[in-house]
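Could you fit the two chains together into a complex? Lean on the hints.
In order, the protein sequence lines correspond to chains A and B. With our numbering as the guide, the letters of the first sequence map in order to residues 40 to 264. With our numbering as the guide, the letters of the second sequence map in order to residues 17 to 433.
Please note that the accuracy of each hint is not assured.
[Said to hold, decoys possible] Cross-link-like lysine-lysine pairs, in silico, DSS-like; alpha carbons within 30 angstroms at most:
#: 1; chain 1: A; residue 1: K56; chain 2: B; residue 2: K277
#: 2; chain 1: A; residue 1: K248; chain 2: A; residue 2: K204
#: 3; chain 1: A; residue 1: K204; chain 2: B; residue 2: K255
#: 4; chain 1: B; residue 1: K227; chain 2: B; residue 2: K306
Derived from the structure by calculation, the hints contain no laboratory data.
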Amino acid sequence: MKILIVEDEPDLSSAIKDYLTSEGNLCETAFTYDAAYQKISLYSYDCILLDLMLPDGDGLKLLKHLKSLQKTEGVVIISARNALDDRIVGLNLGADDYLIKPFHLSELNARIAAIIRRKNNQHSNVLNFNEIGIDLNAKTVTVNWHEVHFTRKEYDLLLYFIYNKSKAISKSAAAEHLWGDDADMADSFDFIYTHIKNIRKKLSDAGAKDYFHSVYGVGYRFSDV
Amino acid sequence: MNLFAKYNRILLLALVTGLLAVGILFYQALNYTLNGKIEENLHEELTEVKDYTHVKNIVPAPSEDLNLVIEYSPAKTISNKKTIGDTTFYNPRKRQTEYARYLKADVEINGKPTHVLIFNSKDAQTRRVQLIFWAIIIPVIILCGLLALLNRYLLLKLWLPFHQILNQIKGFNIKRGNYQAINTDINEFKQLNDAVRQMTVQIEDDFKEIKLFTENASHEMMTPIAIINSKLDTLLQSKTLAENDSQALLDLYKATTRLSKINQSLLLLVKIDHNLLGEKEELNPAELIKQKIDNFQELISQRNIQVHCDFDGTTISGNKYQFDILLNNLFSNAIRHNKPGGEIHISVKNGLLNFENTGNADALSESQIFERFYKDPQSDGVGLGLAILKQICIKQGYSLRYYFRLPMHGFELQLAH
Chain A
40 MKILIVEDEP
50 DLSSAIKDYL
60 TSEGNLCETA
70 FTYDAAYQKI
80 SLYSYDCILL
90 DLMLPDGDGL
100 KLLKHLKSLQ
110 KTEGVVIISA
120 RNALDDRIVG
130 LNLGADDYLI
140 KPFHLSELNA
150 RIAAIIRRKN
160 NQHSNVLNFN
170 EIGIDLNAKT
180 VTVNWHEVHF
190 TRKEYDLLLY
200 FIYNKSKAIS
210 KSAAAEHLWG
220 DDADMADSFD
230 FIYTHIKNIR
240 KKLSDAGAKD
250 YFHSVYGVGY
260 RFSDV
Chain B
17 MNLFAKYNRI
27 LLLALVTGLL
37 AVGILFYQAL
47 NYTLNGKIEE
57 NLHEELTEVK
67 DYTHVKNIVP
77 APSEDLNLVI
87 EYSPAKTISN
97 KKTIGDTTFY
107 NPRKRQTEYA
117 RYLKADVEIN
127 GKPTHVLIFN
137 SKDAQTRRVQ
147 LIFWAIIIPV
157 IILCGLLALL
167 NRYLLLKLWL
177 PFHQILNQIK
187 GFNIKRGNYQ
197 AINTDINEFK
207 QLNDAVRQMT
217 VQIEDDFKEI
227 KLFTENASHE
237 MMTPIAIINS
247 KLDTLLQSKT
257 LAENDSQALL
267 DLYKATTRLS
277 KINQSLLLLV
287 KIDHNLLGEK
297 EELNPAELIK
307 QKIDNFQELI
317 SQRNIQVHCD
327 FDGTTISGNK
337 YQFDILLNNL
347 FSNAIRHNKP
357 GGEIHISVKN
367 GLLNFENTGN
377 ADALSESQIF
387 ERFYKDPQSD
397 GVGLGLAILK
407 QICIKQGYSL
417 RYYFRLPMHG
427 FELQLAH
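Looking at chain B on its own, in the form it has when it is part of the complex (with noise of 0.2 angstroms):
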């Protein structure tokens, strides 16, 4: 539940409940000063109806008030109780039923007791409260929704600040960087502001200085590792050497290609993301891979792979160098993680590349293999491929998928839209 609604539901619910308590009240105070009248009024009726008994001995005539009806009936004793309460009652001068206040008192007439029963009808006082009711409550009501709907203009408004803030957080990106200050004169949001800047400012120069240390590490090592290699190739020269260091010497020379393999992995990666790899040019995909596959050629022969393509005339806009980069990881991928007698297929429609190859029968995890250092444990790559390709993707602005639809693992690029 978001911050509004809740505050506006703890808001309504004190509302009505407020309203309704004083409207309870407000209604019972009235009534209460309405049925006060009446009663004062029963209290002179009767004294008038005594007087004239007293005076005329017989009972005075039927008051000229619509609402007030007197009924008297013989009683056998005289008390001086009176009695008030509410009631129905047949009103026969207006021919109905109403809702009435009635007094009940003996009186004695021509030496009879007699009982008094005074009605005083509530139907206009009914209305009475009733209108003065709502005269009051409905602009009450009315100004409650206005104060509500005014309270959500003011809170979005006031919070307009933090909404800005939390949108960048979201679409905060550490390779784009660029937190933009937003203006505010609210203290609380001027320190989550200057936080979070801080924070964004910290978290990019972190970030530099770790693609900093990679790409000073790997250069350093390329010196060493050009050493090695050198030397290896003069030990190779060497005509004393026994069976078992030729082996050995072997070894080294896998050990020192993957070690520089790797080495230029990483630095292609830091490359990739600084953007050093020239400008954006026409290619054909079709044409470039095409003279891939020539290339793989020994490799795909090997394994009895069979590539099926479907090409159309697709010509999109790329770096030229990152393409055939890429191109490069899809094939050594596909034929790498194939199996002897398998198959690729390689499509480009509509500016759409899909790869396919058959490997494994497994589906492989998605959110896993893009990730640096991530291998199949049969597999005799550096785990970097895949990383470079989605880092390509990345800064080219091809999208990229992986999917598997037995028996096919396959990778879909969009390349142009």
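Okay, chain A solo, but in the shape it has when bound (with noise of 0.2 angstroms):
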């Protein structure tokens, strides 16, 4: 997938970088408003991160002028700005989701794989990892093609590791991808290693292989190896 990354902080623009081309992607970075401005006019993108306070222009207007251009780029607007009217007027102009900072890579990876699955696969939308099937519209879990019930958290979370497969995922990140701003109650990082714990049963009971395997205790991995 082809990915412009439009974040004027070098830092931050990197690691995102890094990140997603791990899993794969092709990514470019602009890194000002006219740099931004020239590729989106000239190249065409799978997904679009538009940070919306760059130095010399405004986020928003970006999104105008890829809008005017008839362009379906997935666009995920990432900002410090957590204001209610900049998310509905960025949702509005067709940004497809709107992540504050700070936010986790595998967060934002998860929603970029999302939306472009979403803008592809318009009528079945079915992604498989070997024995393990997930119905993204009906939401349901199967395993060798016999559905396997999950509950919703745990489904949302074993869709959030296979979005994120071959990375390793702390508790922090997989707790606030959960519980959003609730993730800070001190023992969430324990339901995540109980709902974990929970999601392996189901999945071995069902003839399936383990594929989660703990990192240095402060996360998990979902890899075939």
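Quick look at the structure:
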């Protein structure tokens, strides 16, 4: 997938680029409004990450420009501004998602993956990982074509790990994904452990392999090896 | 004691003292004058007696004046001494005892020395003195009373601007500002008015500046926190971390999450302050609370906490986003400070939301818990949850009260009237 990262902070931009590139994406970066404007005008992308506060312009104007070109890129706004107005304006202008800084790279990646899938697969939308299948429309999980019952949170968590397969995901990122702002509760890390334990059990009971690997006690990796 | 009372008390004291002094002086002077008149009368009578005896050698017939009585009594010698004084005597002509002024002198009648005692009743005179006295004193008292009333009215009217200013200072709210200048042509109050207005403007400016600073500082911090967060995520992908590095990584994650939480809370406070969180709509608290219980299910069951609910169909008008944060904070608080196997009681009745939880056996200090960054030493929160709760209540017009009824800590919110 081809992704454009419009972010003026070089450190953040490079971290995002590294993470997304390692997922097999092709990333380009733009640090200024002008550079982004040119790239958007000249090239096509699958997804654009858009910071709203650029040194030489407002990211929302770029969004307007993009839509005026009749382009179909998915757009994720990444902003430090957690203003309801910005969010509403951004989504009304055709952005697909709105992520507030600071965010976890795994969260960003999951959101991008979800947008791209939605754009590319209009009808059936099943995400497969070996013997595990996830129907994104029906929100169901199958193992070897047999449905396994998952609670909403277990489903969310499994999908999050599959979107970020082969990546180490910290418990804090997983907790934030499930509980959002309430993730600061001290024992939310323990619940991640409990949820993962339950998911593992359900999957193995249904005959799937165990793909969860603990990473230094900090998080988990969902991978084949 | 207020200013009027103090002023009136001094004024009244001075008036009464002055009135008493003047009254006494006046009475004495009046008495003195009338006494002089009586004495003149007595002397005249004595001269008459003397003349009469001198010529006719008998005592004169009693005078026709009912107030005048002359008594004679034999004396041994004749002295030239005359005595004048006050006394009471029995007036045989009026058949009553009266106050009188008397003159005692000696005369020779038929060659015999005789004491002559002339009484002049003061009865009529006393009546006259009293009449004159009251005729003057009563109007003076009335006048004084009127003056005092006028004074009171004037003072109230003159001090009106002062009270207006005072009331505004009392009702001054830094978040609403708007001190209204008052109209007065009295210089002192004009100055006071100007001084207070300047002060309030200054306070409002400072307050705005602090808020702006908090907002900007929090915003500026978001980007560095985002960088730290993303670099940690990158670091976690490394396959060469040592075991003790991972512990450091975990701690860093926790610290960053906390930092970002503090920052978000501060920004949230600013936003609530600025009314940036959207419009009011009709809400059903019972529905929203049930959703929250679902959301917090793991946290609740992990600690074996029992949740008891008691709802009526109350609907309220409020901002959904703010109400959501409010419930989040109430739940986090009730779960965080609960004990394993504890209870949470939630009731919504007649617009009154009661949120109670078991916890420590000691009551908390109501004045402190709503302060920013105040928290229980054992708590792992950032100490902003209840401050946000209070801020939302102020903005949404809910009254908020903390209470402790063993063993429950409770918050009572008046959501609707």
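Going through the hints against the structure:
no.	hint	in the structure
1	K56(A) to K277(B)	holds, 25 angstroms
2	K248(A) to K204(A)	holds, 14 angstroms
3	K204(A) to K255(B)	holds, 15 angstroms
4	K227(B) to K306(B)	violated, 35 angstroms
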